[in-house]
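Asks: Chain order of the listed sequences is L and H.
Taking my numbering, the leading residue of the first sequence gets 1, the next gets one more, and so forth.
Taking my numbering, the leading residue of the second sequence gets 312, the next gets one more, and so forth.
Treat the hints as calculated values from the structure; they're not laboratory data.
Just so we're clear, the structure is a prediction, and the values are computed from it rather than from any experiment.
Using N, Cα and C, we set each Cβ at its ideal position, and we do this for glycine too.
One thing to keep in mind: the hints can contain errors.
To be verified - Taking lysine-lysine pairs in the DSS-like style, the calculated list, with each CA pair at most 27 angstroms apart, reads:
| no. | chain 1 | residue 1 | chain 2 | residue 2 |
| --- | --- | --- | --- | --- |
| 1 | H | K621 | L | K2 |
| 2 | L | K243 | L | K220 |
| 3 | L | K7 | H | K462 |
| 4 | L | K2 | H | K392 |
| 5 | L | K2 | H | K755 |
| 6 | H | K495 | L | K7 |
| 7 | H | K746 | L | K7 |
| 8 | H | K339 | L | K2 |
| 9 | L | K7 | H | K339 |
| 10 | H | K387 | L | K2 |
To be verified - For each label pair, taking beta carbons as the anchor points, the in silico distance ranges come out as:
| no. | chain 1 | residue 1 | chain 2 | residue 2 | range |
| --- | --- | --- | --- | --- | --- |
| 11 | L | R3 | H | E493 | 26 to 32 angstroms |
| 12 | H | L325 | L | T64 | 39 to 45 angstroms |
| 13 | H | L733 | L | D182 | 21 to 27 angstroms |
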Amino acid sequence: MKRFIIKILLLALPISFYAVIQEYALRTIPNDYAYKNQWLTENAQSLKILSLGSSHGFFGIQPTEFSQLAFNAGHVSQSLLFDEFIFDKFLPQMESLEYVILPISYFTMRGKGLQYGAEKWRVKNYTIYYNCPYFRCQPQFALESYHFAPKKTLKALFTKVNHRGCDSLGRGIDYSLESRSDDWQTAGPVAMKRHTKVNYSQSDVDKNLSHINHIVEVCKNRGIKVILLTTPTYHTYYDILDKDQLEQMISCCELIASNHENVIYFNWLKHSSFDENDFFDADHLNEFGAIKLTTLLNQEISTQPCEKMRK
Amino acid sequence: MLFNSLEFAIFLPLVFLLYWFIFDYAMKRCPRQLFWQNLFVVIASYIFYGWWDWRFLILIAFTSFCSWGSGLLLNKSPKPKLWLTLNIVINLLILGTFKYFNFFVGSFCDLFGLTNTIAINVILPVGISFYTFQALSYSIDVYRKKIAPTKDMVAFFAYVSFFPQLVAGPIERATNLLPQFEKKRVFDYAEAVDGMRRILWGLFKKIVVADNCATYVDQVWNNYTNECGSTLALAAILFAFQIYGDFSGYSDIAIGSAKLFGIRLRDNFITPYFSRNVAEFWKRWHISLNTWFVDYVYIPLGGSREGRWKTIRNTFVIFLLSGLWHGANWTYVIWGLYHALLFVPLILLGRTKAYTGVATWKQIPQILLTFALVTLGWIIFRAPSIGDAWGYICGMMQLGTIHSIHRFFTQEGLTPANWTILAMIAIEWYNRVQKHCFDVRVIKHGWLRIIVYYVLILIIWRYSAGEQTFIYFQF
Chain L
1 MKRFIIKILL LALPISFYAV IQEYALRTIP NDYAYKNQWL TENAQSLKIL SLGSSHGFFG
61 IQPTEFSQLA FNAGHVSQSL LFDEFIFDKF LPQMESLEYV ILPISYFTMR GKGLQYGAEK
121 WRVKNYTIYY NCPYFRCQPQ FALESYHFAP KKTLKALFTK VNHRGCDSLG RGIDYSLESR
181 SDDWQTAGPV AMKRHTKVNY SQSDVDKNLS HINHIVEVCK NRGIKVILLT TPTYHTYYDI
241 LDKDQLEQMI SCCELIASNH ENVIYFNWLK HSSFDENDFF DADHLNEFGA IKLTTLLNQE
301 ISTQPCEKMR K
Chain H
312 MLFNSLEFAI FLPLVFLLYW FIFDYAMKRC PRQLFWQNLF VVIASYIFYG WWDWRFLILI
372 AFTSFCSWGS GLLLNKSPKP KLWLTLNIVI NLLILGTFKY FNFFVGSFCD LFGLTNTIAI
432 NVILPVGISF YTFQALSYSI DVYRKKIAPT KDMVAFFAYV SFFPQLVAGP IERATNLLPQ
492 FEKKRVFDYA EAVDGMRRIL WGLFKKIVVA DNCATYVDQV WNNYTNECGS TLALAAILFA
552 FQIYGDFSGY SDIAIGSAKL FGIRLRDNFI TPYFSRNVAE FWKRWHISLN TWFVDYVYIP
612 LGGSREGRWK TIRNTFVIFL LSGLWHGANW TYVIWGLYHA LLFVPLILLG RTKAYTGVAT
672 WKQIPQILLT FALVTLGWII FRAPSIGDAW GYICGMMQLG TIHSIHRFFT QEGLTPANWT
732 ILAMIAIEWY NRVQKHCFDV RVIKHGWLRI IVYYVLILII WRYSAGEQTF IYFQF
């Protein structure tokens, strides 16, 4: 028996040793999640506008265009569960917060959650870099080393590799006009297909609504305004969207806005101010589109000042 | 608790250490050492099962108690048949309620155009078909006097709930497993090492082969109406490997884990895709279920002793039941029927026992033909409905299939992990004469074996596709 246990331990030792090194190495690579967590930890107190959401917000909101200190805490594929988590986590420090911008996209209400589907690998980033407790017990959602990655480890250890894809105020920088592919317009149907869920579960919609309602209620108590925003898209995308799904999303947002006086809903899905030079692909804005959108938002905010400001 | 989860990676060594160090070594002089060790097995198994849903532990305990009690009663009673029938009825009633009630009521209502108002909202308890059949086999064997009834309730509960095989088999017989719980187990180094090898091979088949095939297969099935024929054909082939990797991987981990506790379970798969006809396939695929049906249904019906037509009838009966055992859906019934039909020519030509021993290179055409027939059956098995199965098969037969065959070999669909199927086939082919497919004792040098272990561990680590559940849990 002793022989068996010793041999198993000896066999496991080199792999365990390597696993620790890999985990350490991969965690040292700078990335958006680590950066945003650090930024919010250090600057949440003076923050006035917090923007959340998935890639539509991450690439579409340019915080530098606001007249007050704003930060984009969106991430690609970020679901409402994690919007709520980030909001809750930094809320105690965000004493000066006046506005929360919550991008709601065509797919948001029927989304099952980040932990399901092709983008679930991103969940670990919240566990590791935001110290999110939701999925801590599941190694695939809690470790960088869920896969054996010797090349990446060596690069992390011996080169200055950097995976940060956002600017100093959190906006994604990878989707630029320059890097746009030639067939960007035709990506609309592909994105539509990916975002459409005809067979959906009502419980998913209810869960998503409860996340929004939670943010809204907390903001109400703190005198913070919530802006629900559907970001602009190109006609090759919005023309072919499933009507039921789109109407469901819009009516959910309108209902929340009508039930809460601290909520405003801007449905700019088909906003006429945006032309083809503002898009990276059919449903994401590029740097020019982001500036345009944020400028519009800033104008709206200045015409509807927050209660806190009025005080 | 899943075998491919972190929980199990902690649970197994912990139970192993307690089992041998506390309940074996430290209690050496305790007069009831075996009782306590078995009780520990029951508690560990109930924790393992309760991790999923503790409420259904009552069901396992009830099933175990009924079968144990009926074993004692039918041995003493002047009317043993009555107690046997009662136990069978109780067990099948539980199984029927949880698994088949809604299916039969729904089908009846559909047939007569009635509104289904009595559908019940129940969760299917994981592994119910496995442990029910295991419990049933005991009382039938006691009735047939193949085994003496046990008075040791704890040993019997351990037999029904032994965690490595509780939720997805192999379906053990009391004649094999129960006596092992009634005598002291001795730690066997060679067996434990072999158990670890089987666990490693099982994890490879499940995590690398099955789970990575699943990603592709699910994508195609979710959108099969828009896919071309070659993609559908590829997904059908990958599903054949998915279900094999998934289920035989589970069995390997179960058998390997049991070996660590000094318990020997029966083999459930013996390289089924190297079968040379469908009859041979069923002697190599899910052996524990098939022998269960043969022993308790086929042979009592007359087996193959009463002429060809009765043999065909009996074959249809067991395949229909086997199909239904897999799930409450007409697709499983049709799948069973399909395999029964494949048996008919073999029975008529007297070829059901045509092949013995392992396959040779020259028999590859027969192997490929059998694989193709089995894969076609898997489409029916995988389909959500009969209409979908038909639509999928029709889509696969499109003219474009041959023209777009090159897509098989591009990165478009197949990931590097999918190519590990070839490694699995090669290793299984090479080792088909061995005790099991990852019997690396053929490698003489110890250091070379260690390299093989490391390579396999690193491949599993590299290509793990998330903690995906096992297909057979739903049965």
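Asks: Given the hint that K2(L) pairs with K755(H), test it: the Cα-Cα distance must not exceed 27 angstroms.
Replies: With Cα atoms ~23 angstroms apart, K2(L) and K755(H) stay inside 27 angstroms; holds.
Asks: Is 21 to 27 angstroms a correct range for the gap between the Cβ atoms of L733(H) and D182(L)?
Replies: violated, 37 angstroms
Asks: Are the Cα positions of K495(H) and K7(L) separated by 27 angstroms at most?
Replies: holds, 25 angstroms
Asks: Regarding the pair K746(H) and K7(L), is the alpha-carbon distance no greater than 27 angstroms?
Replies: holds, 23 angstroms
Asks: Take the C-beta atom of L325(H) and the C-beta atom of T64(L), compute their distance, and say whether it sits inside 39 to 45 angstroms.
Replies: violated, 54 angstroms
Asks: Decide if the proposed pair is consistent with the structure: K243(L) and K220(L), CA atoms, cutoff 27 angstroms inclusive.
Replies: Violated: K243(L) and K220(L) sit about 32 angstroms apart, past 27 angstroms.
Asks: Does K392(H) sit within 27 angstroms of K2(L), going by the straight-line distance between their CA atoms?
Replies: This hinted pair is violated, its Cα atoms lying about 50 angstroms apart.
Asks: Would the hint linking K7(L) and K339(H) be met if the CA-CA limit is 27 angstroms?
Replies: Given pair K7(L), K339(H) holds - Cα atoms ~25 angstroms apart, limit 27 angstroms.
Asks: Keeping to a limit of 27 angstroms between CA atoms, is the pair of K387(H) and K2(L) held or broken?
Replies: violated, 46 angstroms
Asks: Are the Cα atoms of K621(H) and K2(L) separated by 27 angstroms or less?
Replies: Roughly 57 angstroms between the alpha carbons, so the hint for K621(H) and K2(L) is violated.
Asks: Using the C-beta atoms of R3(L) and E493(H), is the stated range 26 to 32 angstroms upheld?
Replies: holds, 28 angstroms
Asks: Between K7(L) and K462(H), is the straight-line Cα distance small enough, at 27 angstroms or below?
Replies: violated, 40 angstroms
Comparing the model with each earlier hint shows violations of hints 1, 2, 3, 4, 10, 12, 13; every other hint is respected.
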